[in-house]
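**Q** Listed below are the residues making up each chain.
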Amino acid sequence: MKLNAVLAGVGGQGVVTVARLLAQAALLDGLEITQGELHGMSQRGGTVHAQLRMSDQPLESPQVPKGRADLIIGMEPSEALRFSGWLSPTGHIVSAMAPVENVPDYPPIEGIHKAIMAFDHSLLVDARTIAKAAGSLRAENFAVAGAAIAYLPIKLESLEACILEKSVRWKERDRDAAIAAMKVGYALGLEAHAAKV
Amino acid sequence: MITTPSAAAPTETKPRELMLGDEAVATGAVDAGATCAYAYPGTPSTEIFARMIAEADARGDITAHWTANEKSAMEAALGASLAGRRVLVTMKHVGLNVAMDPFVNSALLALGGGIVVAVADDPGMHSSQNEQDSRFLADFARVPILEPATAQDAYDMTRAAFDLSEAIHRPVLLRLVTRLCHERAGVAREEARPQNELKKAGPLKDWTLLPANSRRLWQGMLDQAGEIEARSEGSPFNKRSAGSGTMGVITSGIARRYYMEVAPELDELPPHLHIGAYPLPADAIRAFTEGLDEILIVEEGYPFIERQLTSLLGSRLKVRGRKSGAIPEAGELTPGLVRLALGFDHLMDVNMPPPAAIPGRPPQLCQGCVHRDAYAAMAIALEEYGPRESYVVAGDIGCYTLGALPPHQAIDSCVCMGASIGMAKGASDAGLKPALAVIGDSTFLHSGVTPLMDAVSHDTDMTLLILDNETVAMTGGQPTVLNDSRLEPIVLGLGANPDHVHAFNAHPRKTAELGALIKAEIEHPGLSVVIIIRECIQTARGKKKS
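Quick mapping for you: the protein sequence lines, in order, are chains A and B.
Mapping to the working numbering: the first sequence position 4 is 4, numbers consecutive.
Mapping to the working numbering: the second sequence position 50 is 50, numbers consecutive.
Extracted from the complex, chain B is given alone in its bound form (with noise of 0.2 Å):
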């Protein structure tokens, strides 16, 4: 339908930025007072930093540092609200497992400053090895979510959980979704907030997790349960609307404005609860359930409310989400499952085959991509061993991931950061070899230092190239935490034998002469590493451009 190019009347008056759903979370840190940042990078939530970066440079009193990995970021966060300042920490959601030992005992300290920890899940795992929900492992450290459905609320609910964090001295978990992150819509911001005056927080047995004082401080968590629930309760950002009829729906986060999308088909509205603050407030689902025999639950990941709901309500009623299969439980949302689970027919979400043939174009590594002359010196350093199944090149995570597709098919793993050390350490102890890993720069950095350390401290007959392309490639380019000319040193440092680490400047023409090198190392009966440089060809054209 074609509407004629028209002025529509503006239906708000405040000024609206055009933002990401990742920027909301990031301004609507820096209008709550947020003094510091940290973060390492993952899609989806990779543009809160970049923002956070932009106006850290443009203001001069935020710090915004990108870190090593995710826990290092948690754990600066922490010291930050030890001084009495608020801190934002963002991360993709299989950062948080990376964190999950300091994000779990900080929900056990008495935070001075608020902590924002922004998670991005990734649904349908549009960039991701998982699907994992982040409210399962909120819910495990009992640290309270808010989960905004719009770009809007990103950016309130990010100030209001730096209020909330301070309130009950707990860190509060901003569940994101890639949806959001990577939506742009217009956003109000309100007032800033000053930042908080530095103060230590106190008593400092309150931040000291030495048995006792945990014992102590465990009891006093579960004791403010209570509270903590009674907020929830008391939540602007959880809403019921009256309806018709005996079957209500339960939303939360995102998920609502699919279920909004289509419920205006339905001949009546039913009664609707949507839940934007965890955990649950289980009076209001009480209350919401009075009368009806029948809740279709909504949510975007896990069914997490669906399964709490079971418990909270016995089986009075007819519970159906994805977790009864009235949505599928893999995925991400649409808002054509949606109206199926509404009863509907299949009208939406057929999925048309185009009229003519259209050829797939799988993502590649680009041309000129240093990781192409890396897996083509490897595949003539192997040539002679084989078959396949008799040696192992565990890979890892990153652009060079794309190595498992064809033309490359050069890895048989990736699994998580910083997996490929170990698991060649392993494969190689149980007998496969040649056994060789293939890591990034900043892989390496942010999860492969430790398990190089094993490798060496048993001199482990395997080989591990380092593919060095002086950037975090895949998120689009940040800088990679330590410089890279320090790798060589890194390595040296932990102690690997120096006549077995090279650092190789790659060149296509140089393809020979590296597949020599690795060839001469996987024969080397101890830990070898060859660390394989040549700049990222995007950054390499962005520096030119600008």
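Okay, chain A solo, but in the shape it has when bound (with noise of 0.2 Å):
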């Protein structure tokens, strides 16, 4: 077993996060992983993007080969279409819904919404509607964390123990609203790689 999944998303929403807690909880379960990512420059506005491989098996290269990622999970939908070069064709993406347009030119959302929904077995999240509900803003990123690990080899009680390290200082409103997004992101997952062939 070997997993490749590519993260994407603007600067300042929390890729790089998501991508740590994966790896965290993917190395809970025991799997070997690597996982990588590019910033320096400043990058607030700009494309992020992060790799994360696991395996049963240990790995080698850092960098997921184009063409051979299983999972693309986007923080923001075109920039998790940007990436979709790096799907294998039996790949899906999984990404937030809404679109930030700090460019003048950010084509129809609808356009967009459908290119993901084009690839086999993908899912848009309505991360921010599912973090309102679950209490706090701050839940957005754990909704399509939550979503994602259901097309991967990791335990949902692995990323609840890895966020609730993470969130140990947050008031406690914060961590029970990404707890309870993160829930209702792997229900959806789940669903929705539910009729998988």
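Among these hints, one or two may not hold up.
Derived list of chain A stretches under chain B, where covered just means 3 residues or more per stretch with a C-beta under 8 Å from a C-beta of chain B [said to hold, decoys possible]:
| hint | region |
| --- | --- |
| 1 | 21-34 |
| 2 | 58-67 |
| 3 | 125-134 |
| 4 | 170-180 |
| 5 | 185-194 |
Within a straight-line C-alpha distance of at most 20 Å, the following computed SDA-like cross-link-like pairs (lysine to any residue) qualify [as the list claims (entries may be wrong)]:
| hint | chain 1 | residue 1 | chain 2 | residue 2 |
| --- | --- | --- | --- | --- |
| 6 | B | K543 | A | D56 |
| 7 | A | K166 | B | K543 |
| 8 | B | K14 | A | A187 |
| 9 | A | K171 | B | G542 |
| 10 | B | K544 | A | K2 |
| 11 | B | K14 | A | D56 |
| 12 | A | K2 | B | P264 |
| 13 | B | K519 | B | Y385 |
A few chain B residues facing chain A, derived, Cβ under 7 Å [what the hints assert, rightly or not]:
| hint | residue |
| --- | --- |
| 14 | L18 |
| 15 | H126 |
| 16 | A185 |
| 17 | A188 |
| 18 | E190 |
| 19 | M260 |
| 20 | P328 |
| 21 | G331 |
| 22 | T334 |
| 23 | P335 |
| 24 | P354 |
| 25 | A356 |
| 26 | A357 |
| 27 | R361 |
| 28 | P508 |
| 29 | T511 |
FYI, nobody ran anything at the bench for these hints, they're computed from the structure.
Just so you know, even glycine gets a beta-carbon here, dropped at the ideal spot from N, CA and C.
Fit chain to chain and form the complex, with the hints in mind.
**A** Structure, rendered in structure tokens:
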């Protein structure tokens, strides 16, 4: 078993945070992992991506080879789509719905959503609504992370443990919201890829 | 391919901590008994020191200091070594250029405590102005190199590098690359070694590079070359694996992992030699190439091994690599490029366009960033001067380098740390007026003070804007080496005319006022300095949060 994921979003959205949480959870589950990201130049508002590979065998390349990604995890839909060239022919996209329109020529969101859903068993997560309902807008990322692990060999409990560890100094409301959003996302993820052959 | 979530069996029983390659270097140094550590921030090396400071704070028996620049970091390291202590120095690749004087000369000394210089190269220039390969600089200084492939290697090799440094009394360079620095993986730590006792190194004639001493030390270094090479020959970091066929593969550092990613697609694995320790083990390479008629060299960075191999082996073998063109000489390795070099077609790395048009999203200055105000004011000040060809705005290295891009397009150059001030002076001397220099607070402290001294000494007709956002913003908000309230006294202390030195607290509502001030100073026919002050919006937010 080997699984390659690419995470994408806009600087400041927490792409690296989610990548790190998923990596931690996979490590907790006893998997070999390599998780990489590029940052440095002021990336606020710019494209940010991270890579996550996990396996029950030793892993080699720290870069996911283009054309070999099993999953793209998007914090922003156009950014998820930007990396679709990484996907294998059987790959999926799990992405938050809401666009970050900090560029003048952002295309109609319907087209972006449609292009994402054209990938087999892909999922758009209304992370903002889920987070609001869970009680904190800080929980958006966790809704997406929860949805993603339905596609990954990571246990829900492992991700939950890692989120609890990360949020140990947070306000209780934010922490509870993160866990609740993760669970809602997970349920959506399970449903979306349940029909998979 | 989706795999049912399942608990895979742990492949290792040792507890592993998830850490960045950078963090593995820091923990390696701590566990190796380093007493001191010095660094200047620079992507992708910065996270080494973030961890080092956290360890120092938690333990209380380690000194970890950000320094003014890489040269002063290296010199502080020499002092710690003279005191018999182990010391880590970290920097990005271009930082080694700044530290080159003490680095080269440190190799001549008889070090006491081990010195490990961890240098992070940036192949592909993800956030750097070039992709220079530090192995060449270490080779020039005759400093041995260890080159990790994984985060675990980064930990193990940092520890080994300290032992090696103390065994040969020379510094050791740990060569890192961006992908490893910023890769998280599980790392198992070994039992920590205690720190060295305080013990002044000697004899002191081995630390005083007067010509008579230097000639003796240089000869001693040349005489030691054989011993150092023998250590490479026997190093566990250089590994040979058997294979079949008449083509052999030599890899180094992280490049091994790209090769191993695609090698299983070959019908049979070729003989393989991996290099993790330099100088190159010449005997091992000669033995490896016996019976082969072709070698493929997969290395990240410049063709360092490839160039040496030609002189080592003559023209007996066909040598392929980044110099021969089998792999492009520029840019970062990918599994796909290695696959092509192995003779496969272009299956991977085919950049399929996204199925819908995606707008570009270039990095930009944050909303609320003081640099935006500074560039807006500068545009007002320069309105009546023009065309652009007649004047110059020399830029520097920091977030404000983004001022080169639309919508600002405010700076003409970005070369190296501190270059803006010297360049504005030279351009002004040569006749380009007005001559402006734009530099950040930390870059000014790193390398701007000395060229400003030149401008002061000749009262050069130029206007220096120091953009003071009270932090090292681009690398994540490290503290500047001196409190920023010190900038104005430093400028005045150099002897700049107080009538033409201004500290201006910037605000979007005061842009016109700032523009008028800059314009007035441009018109002054001598040196002017305007310090434009407001805290970085990101560090200000960070403080609010905590």
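**Q** If you take the shortest Cβ to Cβ gap from T511 (chain B) to chain A, is it below 7 Å?
**A** Nearest chain A Cβ about 21 Å off; hint violated.
**Q** Does the interface hint hold: is H126 (chain B) within less than 7 Å of chain A, judged Cβ to Cβ?
**A** Since chain A brings a Cβ to about 5 Å from H126 (chain B), closer than 7 Å, the hint holds.
**Q** Are there three or more residues in the region 170-180 of chain A whose C-beta lies closer than 8 Å to some C-beta of chain B?
**A** violated (count 0)
**Q** Under the criterion of a CB-CB separation shorter than 7 Å, is R361 (chain B) in contact with chain A as hinted?
**A** holds, 5 Å
**Q** Would the stated hint for M260 (chain B) survive a check requiring a Cβ distance to chain A of less than 7 Å?
**A** Cβ of M260 (chain B) sits 4 Å from chain A, so the hint holds.
**Q** Holds or violated: the hint that E190 (chain B) contacts chain A, with Cβ atoms closer than 7 Å.
**A** violated, 19 Å
**Q** Taking the closest Cβ pair, is A357 (chain B) under 7 Å from chain A?
**A** holds, 6 Å
**Q** Is K171 (chain A) within 20 Å of G542 (chain B), Cα to Cα?
**A** With Cα atoms ~16 Å apart, K171 (chain A) and G542 (chain B) stay inside 20 Å; holds.
**Q** At a threshold of 7 Å, is the proposed contact between P354 (chain B) and chain A supported by beta-carbon distances?
**A** Holds. Min distance 5 Å.
**Q** For the region 185-194 of chain A, do at least 3 residues have a Cβ located nearer than 8 Å to some Cβ of chain B?
**A** Violated, because only 1 residues of the region 185-194 of chain A bring their Cβ atoms closer than 8 Å to Cβ atoms of chain B.
**Q** Min Cβ distance, P508 (chain B) to chain A: is it shorter than 7 Å?
**A** violated, 18 Å
**Q** Given the hinted pair K166 (chain A) and K543 (chain B), is their Cα-Cα distance within 20 Å?
**A** Measuring from Cα to Cα gives roughly 19 Å; hence the hint holds.
The structure fails hints 3, 4, 5, 6, 8, 10, 17, 18, 20, 21, 28, 29 (numbered hints given earlier, in ascending order).
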